[in-house]
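Participant: Protein chains in written order, with this note's numbering: chain A, 5 to 350; chain B, 5 to 350; chain C, 5 to 350.
Mixed in with the good hints, there may be bad ones.
Note that identical chains are pooled: a pair holds if it fits in a single copy or bridges any two copies.
To be verified - Here are the computed lysine-lysine pairs in the DSBU-like style, where the Cα-Cα straight-line distance is at most 30 angstroms:
(1) Lys285 - Lys92
(2) Lys111 - Lys53
(3) Lys92 - Lys276
(4) Lys53 - Lys285
(5) Lys176 - Lys111
(6) Lys44 - Lys144
(7) Lys172 - Lys241
(8) Lys172 - Lys50
(9) Lys282 - Lys50
(10) Lys144 - Lys53
(11) Lys297 - Lys111
(12) Lys144 - Lys176
(13) Lys111 - Lys276
(14) Lys128 - Lys44
(15) Lys111 - Lys44
(16) Lys128 - Lys92
(17) Lys236 - Lys297
(18) Lys13 - Lys179
(19) Lys285 - Lys236
(20) Lys172 - Lys144
(21) Lys128 - Lys297
(22) Lys13 - Lys285
(23) Lys276 - Lys128
(24) Lys111 - Lys172
Source of the hints: derived by calculation from the structure; they are not laboratory data.
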Amino acid sequence: MATKKARKKINLAGRDLICTEDWSRDELIHTLELAEDMQKHRFAVKYTKILRDKTFFMFFYNPSVRTRQSFECAATELGGHAQFLEPKSMRLKTATTAGETIEDAAKVMSRYACGLGIRILEDKIGAYGEGDALLREYAKYSDIPIVSMAHDKYHPCQGLADVMGLRKHLGKNLKGRKLLLYWGHGALGRSWCSVQEAALLYSRLGMAVTIASPEGYDLDPEVIKTTRGHCKESGQKFEIIHDPVEGYRGAHVVYSRNWMSPGAYHDGEFHKAEEVEKALKYTDWICDARKMKLSDNGLYIHPMPIDRGHEVTDEVASGPNSIIYDVAENRLHVQKAIMALTMAGK
Amino acid sequence: MATKKARKKINLAGRDLICTEDWSRDELIHTLELAEDMQKHRFAVKYTKILRDKTFFMFFYNPSVRTRQSFECAATELGGHAQFLEPKSMRLKTATTAGETIEDAAKVMSRYACGLGIRILEDKIGAYGEGDALLREYAKYSDIPIVSMAHDKYHPCQGLADVMGLRKHLGKNLKGRKLLLYWGHGALGRSWCSVQEAALLYSRLGMAVTIASPEGYDLDPEVIKTTRGHCKESGQKFEIIHDPVEGYRGAHVVYSRNWMSPGAYHDGEFHKAEEVEKALKYTDWICDARKMKLSDNGLYIHPMPIDRGHEVTDEVASGPNSIIYDVAENRLHVQKAIMALTMAGK
Amino acid sequence: MATKKARKKINLAGRDLICTEDWSRDELIHTLELAEDMQKHRFAVKYTKILRDKTFFMFFYNPSVRTRQSFECAATELGGHAQFLEPKSMRLKTATTAGETIEDAAKVMSRYACGLGIRILEDKIGAYGEGDALLREYAKYSDIPIVSMAHDKYHPCQGLADVMGLRKHLGKNLKGRKLLLYWGHGALGRSWCSVQEAALLYSRLGMAVTIASPEGYDLDPEVIKTTRGHCKESGQKFEIIHDPVEGYRGAHVVYSRNWMSPGAYHDGEFHKAEEVEKALKYTDWICDARKMKLSDNGLYIHPMPIDRGHEVTDEVASGPNSIIYDVAENRLHVQKAIMALTMAGK
Numbered sequence: 005m006a007t008k009k010a011r012k013k014i015n016l017a018g019r020d021l022i023c024t025e026d027w028s029r030d031e032l033i034h035t036l037e038l039a040e041d042m043q044k045h046r047f048a049v050k051y052t053k054i055l056r057d058k059t060f061f062m063f064f065y066n067p068s069v070r071t072r073q074s075f076e077c078a079a080t081e082l083g084g085h086a087q088f089l090e091p092k093s094m095r096l097k098t099a100t101t102a103g104e105t106i107e108d109a110a111k112v113m114s115r116y117a118c119g120l121g122i123r124i125l126e127d128k129i130g131a132y133g134e135g136d137a138l139l140r141e142y143a144k145y146s147d148i149p150i151v152s153m154a155h156d157k158y159h160p161c162q163g164l165a166d167v168m169g170l171r172k173h174l175g176k177n178l179k180g181r182k183l184l185l186y187w188g189h190g191a192l193g194r195s196w197c198s199v200q201e202a203a204l205l206y207s208r209l210g211m212a213v214t215i216a217s218p219e220g221y222d223l224d225p226e227v228i229k230t231t232r233g234h235c236k237e238s239g240q241k242f243e244i245i246h247d248p249v250e251g252y253r254g255a256h257v258v259y260s261r262n263w264m265s266p267g268a269y270h271d272g273e274f275h276k277a278e279e280v281e282k283a284l285k286y287t288d289w290i291c292d293a294r295k296m297k298l299s300d301n302g303l304y305i306h307p308m309p310i311d312r313g314h315e316v317t318d319e320v321a322s323g324p325n326s327i328i329y330d331v332a333e334n335r336l337h338v339q340k341a342i343m344a345l346t347m348a349g350k
Numbered sequence: 005m006a007t008k009k010a011r012k013k014i015n016l017a018g019r020d021l022i023c024t025e026d027w028s029r030d031e032l033i034h035t036l037e038l039a040e041d042m043q044k045h046r047f048a049v050k051y052t053k054i055l056r057d058k059t060f061f062m063f064f065y066n067p068s069v070r071t072r073q074s075f076e077c078a079a080t081e082l083g084g085h086a087q088f089l090e091p092k093s094m095r096l097k098t099a100t101t102a103g104e105t106i107e108d109a110a111k112v113m114s115r116y117a118c119g120l121g122i123r124i125l126e127d128k129i130g131a132y133g134e135g136d137a138l139l140r141e142y143a144k145y146s147d148i149p150i151v152s153m154a155h156d157k158y159h160p161c162q163g164l165a166d167v168m169g170l171r172k173h174l175g176k177n178l179k180g181r182k183l184l185l186y187w188g189h190g191a192l193g194r195s196w197c198s199v200q201e202a203a204l205l206y207s208r209l210g211m212a213v214t215i216a217s218p219e220g221y222d223l224d225p226e227v228i229k230t231t232r233g234h235c236k237e238s239g240q241k242f243e244i245i246h247d248p249v250e251g252y253r254g255a256h257v258v259y260s261r262n263w264m265s266p267g268a269y270h271d272g273e274f275h276k277a278e279e280v281e282k283a284l285k286y287t288d289w290i291c292d293a294r295k296m297k298l299s300d301n302g303l304y305i306h307p308m309p310i311d312r313g314h315e316v317t318d319e320v321a322s323g324p325n326s327i328i329y330d331v332a333e334n335r336l337h338v339q340k341a342i343m344a345l346t347m348a349g350k
Numbered sequence: 005m006a007t008k009k010a011r012k013k014i015n016l017a018g019r020d021l022i023c024t025e026d027w028s029r030d031e032l033i034h035t036l037e038l039a040e041d042m043q044k045h046r047f048a049v050k051y052t053k054i055l056r057d058k059t060f061f062m063f064f065y066n067p068s069v070r071t072r073q074s075f076e077c078a079a080t081e082l083g084g085h086a087q088f089l090e091p092k093s094m095r096l097k098t099a100t101t102a103g104e105t106i107e108d109a110a111k112v113m114s115r116y117a118c119g120l121g122i123r124i125l126e127d128k129i130g131a132y133g134e135g136d137a138l139l140r141e142y143a144k145y146s147d148i149p150i151v152s153m154a155h156d157k158y159h160p161c162q163g164l165a166d167v168m169g170l171r172k173h174l175g176k177n178l179k180g181r182k183l184l185l186y187w188g189h190g191a192l193g194r195s196w197c198s199v200q201e202a203a204l205l206y207s208r209l210g211m212a213v214t215i216a217s218p219e220g221y222d223l224d225p226e227v228i229k230t231t232r233g234h235c236k237e238s239g240q241k242f243e244i245i246h247d248p249v250e251g252y253r254g255a256h257v258v259y260s261r262n263w264m265s266p267g268a269y270h271d272g273e274f275h276k277a278e279e280v281e282k283a284l285k286y287t288d289w290i291c292d293a294r295k296m297k298l299s300d301n302g303l304y305i306h307p308m309p310i311d312r313g314h315e316v317t318d319e320v321a322s323g324p325n326s327i328i329y330d331v332a333e334n335r336l337h338v339q340k341a342i343m344a345l346t347m348a349g350k
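Starting from the given sequences, assemble the full structure and let the hints guide the process.
Facilitator: See below:
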């Protein structure tokens, strides 16, 4: 926990949040504590005035239900308004087409809004990393905070929502707890952003990390390296295994989700159909009650929407150790906290 | 009218509204009385605080202008915010595709919002009744009220808006008044929801009902049975006729609108083009001034948008006995009343 | 400047704004002065209560980013809410299709909202002037103010935002200042609305006007005639030239933007591809630093989004004399002022 002294100095006004790695551990804990208080006092006047009559822009390059719902609610509950924008209708300049530069777009939006959220995933980019680069270019030219609403590399709001759930169900000291980050087979060819954010953030807060997937489903090597470093720093185990069962042993948290392979991008495109076809063959890779019995009364966690019957059985997803709805609710609270800390007074 | 004693006991907090039949007669009258007061004191502080900073979700499986405008206004005028959501971007699980279950979607939304409105009509379903089943499944899993914003079977908000208009123009006691529910020919192949809701609700409030259409345009037999029962209970006449003129005699209210035939669904699809082609042949079936003369100074009512020149002549639709704009306005007030009664305090 | 006496009498409640020509000079100055105060005191309580809990409808026949962002922000900052509506989902009656009349649509919307903004440009109409006619038909039937959010003929909010920028950078007395309205070549086949509004409004406020374009890019003759009249009235020069350089001499303001030719419409359609192909040949027609040196320390102005590299070089657009971001910001303030003056109390 952040010491009182350290906490007093925390000022996040104007800061971007593209990955939790961009913020200090104290800043993240401070955000979580505010989110927890916001959950307790959801419509308290001290919170409903923070963005009164202010505008938050949401840029959805990719559609989303949960993220849109929770961000728009968050702005509303802080007294402000979130504009739902789909940049497909923006004539942005590219290498081959006329249109507006990101510099111009960002500078004008900074005059109107108190913050900008951006979501950009697989099928809207031609290679892994392009989404992250886009967010960082917006951040470069904006005078207002940029918040990732999930992009190809990271999903900081999801990571914080997860941890808020873990703090509730496991206690605030997560040190020494074991995360199993488990590749569930599935029909959706999913992004790396949520699982990478989880690996980075959970390990940073002192958890041991086991990543289990079939061969050929490596995540971003840079993320793995950083995660391994976090584990080492806090004296925890980090491992990558390719067995569908062994990782469950002793796990306190099982995060079972599908993700794409590194080969999903080639020829400048995201090949979802190939990914799905390949992934659906691994029918052993499902989180089920039999495997969960090997865990240490492990919690089941998932960022939703869940692909039930592939990533996890109904029995586990709807079972007593599943904290999926709590985590989904936490999206609202952590996003309110992030917006309040970075955008108030703008 | 609800007696004072009965009214005191009315508590609609948390209740769904999928059809007016789901609510008691006293509950409906109570809602209308609140709507009427809300019209009189539209921006009074007692009303503008009811949903302050709360979120209402609107799910438009089918697009709409009027319904969207009036629901979003309603939330705004109660101090809250309505999110416009199009579930086409939701990856919902179906028999053949991976995605999220309604249980998961409903449980998460219950964490964010104070209520959920759903609109689903003909072309988004494969058979009559599927829309109603969908709403009831959402209601089963939600902790927040579900309100129909028009679905294949019913349109409770329209029914209440109609009656609010009748109460203004005919007085609060509608007993013994005659409704002519009239099939106007037209080019839109329209849903049964508005006319069925009218039959059920007007008869429940003591009106006599004549349904007039060409042969082959029967409505849902269950709705007809219930309507017949309501008429019988209050000693009023109920009849179904197939003459384009006779029903006008003595009518106090003429509701002229097109509706599809029971054969509109076959082979798992809604066949609009067939419906339109068939309907346009019945050129005698139009509400006009000549026929209206047979009525008892009858009011003209229609849920809008009107297909002028088919369902009704301009002379009648824009004439002195037309209450269409009042009824359209009432959508706002009754929806505010419904939201206030079911969603406040959530 | 409006005299105090004249200003006292200004009452714009209920007025439409389709072109600045529809308002008196005093009314326009009054609006600008309010916008300037709103910029200074952006979230002052006197302003954030003006449209509290009221609804403003935005009809986007054409998509837009800037206009949507600034109008929705404007409503939010006045305490109200702007509904983003795309009339493509409205079943409006046309010569050949069944649907709702504009009369019906306008009369119902007048019951719900405090104002209606409409945007309709080139590709949604079949001939120049149809957009303007549509707005005037909505105005005829509405009981609430209609505001142009850019249409084929005019763009009053942009004109006022421009002038607010000029007043800041050149002083409030614009008399005798020279505007160069310059056709920049470009790949977007742009509307006449912004440049026509600029010609009309700048000249009305006493500026001299030079319009420079290649042969074949005449604007609306009626607009030219009115602009010429304004210049004559205040004793200022008006000229149309076809040289890409000469007009820069002595200019205080350079407005460089692409616009379509009068031949863009034929056979009942807007032919964008033809326009772009033709326009891209005029590579001399670009606003650059070399030409700007001929000006009298001229400001660079553009309504954005800018087609950089065609309409203007980066050096000028991002240079010290560019006021593009200020003008873009002004959209917010003038729109707030317009809404406050015309829609408050509704």
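Participant: A separate judgement is required for each hint: does it hold in the structure or not?
Facilitator: Taking the hints in turn, this is what the structure says about them:
no., hint, in the structure
1, Lys285 - Lys92, "between (35 angstroms within a copy, 28 angstroms between copies)"
2, Lys111 - Lys53, "both (26 angstroms within a copy, 28 angstroms between copies)"
3, Lys92 - Lys276, "both (21 angstroms within a copy, 19 angstroms between copies)"
4, Lys53 - Lys285, "neither (52 angstroms within a copy, 54 angstroms between copies)"
5, Lys176 - Lys111, "between (40 angstroms within a copy, 26 angstroms between copies)"
6, Lys44 - Lys144, "between (36 angstroms within a copy, 27 angstroms between copies)"
7, Lys172 - Lys241, "within (23 angstroms within a copy, 63 angstroms between copies)"
8, Lys172 - Lys50, "within (23 angstroms within a copy, 37 angstroms between copies)"
9, Lys282 - Lys50, "neither (51 angstroms within a copy, 59 angstroms between copies)"
10, Lys144 - Lys53, "within (29 angstroms within a copy, 35 angstroms between copies)"
11, Lys297 - Lys111, "between (54 angstroms within a copy, 26 angstroms between copies)"
12, Lys144 - Lys176, "neither (35 angstroms within a copy, 35 angstroms between copies)"
13, Lys111 - Lys276, "between (35 angstroms within a copy, 29 angstroms between copies)"
14, Lys128 - Lys44, "neither (38 angstroms within a copy, 40 angstroms between copies)"
15, Lys111 - Lys44, "between (37 angstroms within a copy, 19 angstroms between copies)"
16, Lys128 - Lys92, "both (10 angstroms within a copy, 18 angstroms between copies)"
17, Lys236 - Lys297, "within (28 angstroms within a copy, 62 angstroms between copies)"
18, Lys13 - Lys179, "within (25 angstroms within a copy, 53 angstroms between copies)"
19, Lys285 - Lys236, "neither (35 angstroms within a copy, 62 angstroms between copies)"
20, Lys172 - Lys144, "between (36 angstroms within a copy, 28 angstroms between copies)"
21, Lys128 - Lys297, "neither (40 angstroms within a copy, 43 angstroms between copies)"
22, Lys13 - Lys285, "neither (52 angstroms within a copy, 59 angstroms between copies)"
23, Lys276 - Lys128, "both (12 angstroms within a copy, 26 angstroms between copies)"
24, Lys111 - Lys172, "between (40 angstroms within a copy, 19 angstroms between copies)"
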